[in-house]
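K.L.:
Each chain, letter by letter, is given below.
There are 2 protein chains.
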Amino acid sequence: MEEKTKARSIPFARTRDHHANETAEDYVEAVADIIAKSGECRVLELARHFNVSHVTVSRIVKRLQNERLLHSQPYRPIELTPKGATLAKRVRERHQVVLDFLIAIGVDKRNAEIDSEGIEHHVGLKTLAAMKRFLKG
Amino acid sequence: MEEKTKARSIPFARTRDHHANETAEDYVEAVADIIAKSGECRVLELARHFNVSHVTVSRIVKRLQNERLLHSQPYRPIELTPKGATLAKRVRERHQVVLDFLIAIGVDKRNAEIDSEGIEHHVGLKTLAAMKRFLKG
DNA sequence: CGCAATCCGTAGCCATTGCTACATTTTAGA
DNA sequence: TCTAAAATGTAGCAATGGCTACGGATTGCG
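Protein chains in written order, with the working numbering: chain A, 1 to 137; chain B, 1001 to 1137.
A couple of the hints might just be wrong.
On the chain A side, residues computed to face chain B include the following (Cβ under 7 Å) [stated by the list, open to error]:
#, residue
1, TYR75
2, ALA104
3, ILE105
4, VAL107
5, LYS126
Bear in mind the hints are in silico, worked out from the structure with no lab data behind them.
For glycine and all other residues, C-beta sits at the position ideal for the given N, C-alpha and C.
Generate the whole structure from the sequences, applying the supplied hints.
P.N.:
The structure is reproduced here in structure tokens:
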């Protein structure tokens, strides 16, 4: 329900809050990707994407709707709110930088794709900037 | 209880299982660090380290004891089992590589420390090898 | 020794994210 | 149209990891 994550110690913000934020990032990113590719985003598509049951997706979509990141009506496609679209844009760009970066340092495409999925959520602004510099240089 | 994480789709293994594994990695690493620094590892030290309550630590220690990673008796210091020590060694080495790597690409120490904490769990063997190559080259 | 402070365990609550089973709504085809 | 399949929702369970409150164990100090 809250907009802001409670400030904990800086290094170990890997708490429940943080994990929920990662989920939010993954979901808005996936929704944006799926809409970009197929025109609309369905619960079952997300379920396939994340390899979880449609029930899990359904509940998370509900939560993200409360957080004003998504919008959906029963039995209808899922859409991003402006807030969600903004987040998705940021997340997708960051993800792309991380993926390109891993490939640039010599990781094969397959493993770069796998690891970038997990790494992206932990890349802060400074690290992201360093990766961009590396890619440009 | 299980040794093996159930195999899901490769990219999105970021499930509850995976998260629990991250916790295990963080804890054995922290226990090893604390023992190395102060000779013994207490519940409250872990609680301070992760900035959580001692109750949370206590329950997780119990779980990791069931998984044969830790060993502790009530009101006694926490120790690593051989299995836990092996994991800790691997995790600490990987963490160090990630930290050194981030610094090498130009991230300041403070942010490198923060981000490496989160990134380390998602660095696969291929990415780790690429980081090592970069550090050597 | 004994008591107070500190440390740790237990009880019991909540949120998140998995699941299966079953109910309901849409949609498409006969 | 009308019915069956596909999609989605709901109910209810488990595991993990947050928490406060409270109680028992250890330890150290007067």
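K.L.:
State for each hint whether it applies.
P.N.:
Hints, verified against the model:
1. The beta carbon of A:TYR75 comes no nearer than 25 Å to any beta carbon in chain B, farther than 7 Å, and the hint placing it at the interface is violated.
2. Against a cut-off of 7 Å between C-beta atoms, the interface hint on A:ALA104 is violated, since the closest Cβ of chain B lies about 9 Å away.
3. At its closest, the beta carbon of A:ILE105 sits 5 Å from a beta carbon of chain B; the interface hint therefore holds under the 7 Å criterion.
4. Hint status for A:VAL107: holds, given a least beta-carbon distance of 5 Å to chain B, under 7 Å.
5. Look at A:LYS126: its Cβ gets to within about 4 Å of chain B, closer than 7 Å, so that hint holds up.
Of the numbered hints stated above, those contradicted by the structure are hints 1, 2, listed in ascending order.
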